[in-house]
Amino acid sequence: MKLRFNRAEMADALSAITGVAAVRTPKEILKCVRIDALSDVLLLSATDLEIGVRCAVTQVDVESTGETLVAADTFSRIIHECSDETMLLDISKNDLQLRGSGSHFKIRTQSVSDFPPVPVLEGEPDFVVDAADLRRLLEWTSFAAARESTRYAINGILMEIAGKELVMAATDGRRLSVGRTPLTSSNVKTIPQTIVPTKTAALIARLHSDGDTTALVKATANQVLFKIGRASISSSLVEGMFPRYQDVVPTDCDRIVQLNTMEFLSALKRAALLTNEESRGVRLSFAENTLTLSSRTAEQGEATISMPIRYNGETVDIGFNPVFLTDVLRVANEEEVTFAVKEPNRPGLLKLNDKFLHVVMPVNLSSA
Amino acid sequence: MQTALQSLPAELLLHIRRTDPACVRAWFDQLQFSGIAHGTLIVRAQNDAQRRHLESNCRNAFTYAIQAATGRLVGVDFETDSSPDNSALTRDRDFSTFGSTLSPECRLNDFALGQCNRFAHAAAVAVAADPGKVYSPLVILGEPGCGKTHLLQGICAAAREQDANRTIIYAHCKQFIQEVIEHAESDMLCALRSAYKTADLIAIDDADQLAGRQRSQEEFFHILEHRLQSQLQVIVALRRLPEPGAGFESRLISRFQSGLIVTLETPCSDTRTAIVRELARRFCIEMPDDVAEQIAHLANSGGHQLEETVTLVDRYCQDRGGVIDAALCRAALNSETPHASIHSIIEATATEFGVAPDAITKSRPSKNLRLARSLCTYLALRLTDQTLAAIAGTNLLGGPETIKTQNRDVINRLKSDRDLEQHVARLLTQLTGSDPKELNILSVSRRNGTATDQSFHKSESGSVE
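Residue numbers (the numbering used here), protein chains in the order written: chain A, 1466 to 1833; chain B, 267 to 731.
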């Protein structure tokens, strides 16, 4: 195998690949990246047995085809540290040689035959969606997924088809994020319950965007396959039954305010400065044309932040964990958000637009 | 793994009642749950009728209650015990795809009896005991809210309880008409005829709606004719017996007239009181007798409005501390309740006790001012239009739990504390400009829990003592 490649493109591909190659594993083979040189393209593959990724590097000049397996971490660091526009890759005996201007690296290789297969999407996808929309859905929802919950099913992001839309939902039991986006095309009406691990979501978010790319998706009973631009991703699914999230979306919140996203985020962050585990939350007091955020800790003191709002409903005080609100406001890409509440012990509803909603349980501040 | 079933926690039921008193039923204490699975509380009902009530009317209340109890986004699902039939009512549709389902609340035993309905009830009991042998057809007449549906469903339920193999069709007339239309369109009328002709008992509610519907009348007449010849029971409920030419065929009217016609009169005062008590039992409301009488007296109408009124009073009282008394009942039913503001109550109470208003409203009032604060709460719940939550929201008198405690404390102390009673009397006079006796607050508080039938009438006339 001998070829010359564009270093920057290789570095981009490796950024995604190295996130999958396992770092701590007794199986050395899983720390490696597989390199397949075809006549006009170079394929990089990695897997940790749960997630597999294959990226194509197209700006290559292949003299002779072949395949090899090298330590992903070492190979990636070399590519990133070098500054050459192109580099030469060559295999001789059991070594992979990399040559740039004034640099020469020789890395030990391993047998390709031991490397587990990395599934890729073949044939017709179940549906096609804009890649940017897919990333946005994952960004809107993944932060709300549980981390290491014993309820395994909520350690991931539910993906389902509803009519002509792709819907994603994630919850940790105290908050729920639901996003939807139109499908570009669909070959199926429904897909099996698909709970995507948060690690897979993070990998998709890291993939380099090539502008107007589409994402092809195919779901099976225990695996989901994505093809986004030059990358193919396979992921095993989170097992278990995802909660029927539709049941917990409140429908009767009648105290509704429009809030400037950045102002609200800023106010929350300031109020959150004087909260701790014990004080539990920030009190949001909705009064005529004013929202007051207040917090207190016994040791440090109190904070009161006011911001003008358009509201002329009944006065209501309701406490929230500020993290649950700042998390969602950080991913909000709209100037204004709609915040709707009902009563102090009922969940609040935060809507970004008609495509995204976030349900959050209040905290009891009566003893705070 | 099978999870052990448990009764629903009392706090949960209390929360549901506070949120949506109209959905609560006496059989809620029979509900069981097997824990929260996949973010959903599984509530197990005793039968399908209960489950349908829960699904149709109670999902939100249960969801809010479990979310408040756990602080988590938990949903609710209702299931029925899948074991072999444990209630006759669960099988009301098994034998047939026709008719409607029976309400678990409509039993003959639960029918509120009075002079206005005693004869009709006796006929219903006789028919339920031996369907087809006596009084067929049984024609029950009465205005809406007089109990026709209750009697009809009660007969069906009782007949089924005696013999679970009996085939019984209870259908609202609208549904019967719809079934006729659908089966005629699909050329399947023979199936409908067969089911209605051969069932052991059929009961058609609101049969007035057959008026002007020739096709449905035709079908019903032939069904009725066949059943009468076969000595099978038919029960029909209507507002009044149709006049010839008023949209009914004379042959159908004559068949109705051939049976026993019983009339449910508009409930009299005693019956309305019995209905209110029955509704309170059904909704698990602890309602003093004088309040039941008060509601029956003020809501001068049939069962439907009484049900609305009972729910309204309960919700009003739940919003104001959870204890139902005649004063709150009167306030709920009578918009003429004198209103005062929370601030004016606090100022008046402060003057009465010779302290500054701030001393009462500060976060930790001194021990000797706690009574003054409790008194403010007690009066605010009765003299303002603010709910308990709204009063708590002012942050002047404490949180919701504190307000409840303060209210109960004053109610209990008023039973024996003459000094406190004088304080209240003076404050009421000052705040409302009315004679406290006319307000019906003091007298009821002292009587609370030991109310007698006479007490209501005394308070009505304004001469309490």
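Hints may contain errors.
[To be verified] Far from chain A, some chain B residues (derived; all Cβ distances over 12 Å):
no., residue
1, Arg325
2, Gly341
3, Asp343
4, Gly478
5, Gly620
6, Val621
7, Gly665
[To be verified] For the chain B half of the interface with chain A, some residues (derived, Cβ under 10 Å), not all of them:
no., residue
8, Ala292
9, Trp293
10, Gln296
11, Gln298
12, Ser300
13, Thr306
14, Gly337
15, Arg338
16, Leu339
17, Val342
18, Thr346
19, Leu662
FYI, nobody ran anything at the bench for these hints, they're computed from the structure. What you are looking at is a predicted structure, and each value in this text was computed from that prediction instead of being measured. Glycine included, each C-beta is placed from N, C-alpha and C at the ideal position.
Hints versus structure:
no.	hint	verdict
1	Arg325	violated (8 Å)
2	Gly341	violated (3 Å)
3	Asp343	violated (8 Å)
4	Gly478	holds (39 Å)
5	Gly620	holds (31 Å)
6	Val621	holds (26 Å)
7	Gly665	violated (4 Å)
8	Ala292	violated (26 Å)
9	Trp293	violated (23 Å)
10	Gln296	violated (24 Å)
11	Gln298	violated (20 Å)
12	Ser300	violated (15 Å)
13	Thr306	holds (6 Å)
14	Gly337	holds (6 Å)
15	Arg338	holds (5 Å)
16	Leu339	holds (4 Å)
17	Val342	holds (7 Å)
18	Thr346	violated (18 Å)
19	Leu662	violated (13 Å)
Checked against the numbered hints above, the structure violates hints 1, 2, 3, 7, 8, 9, 10, 11, 12, 18, 19; every other hint is satisfied.
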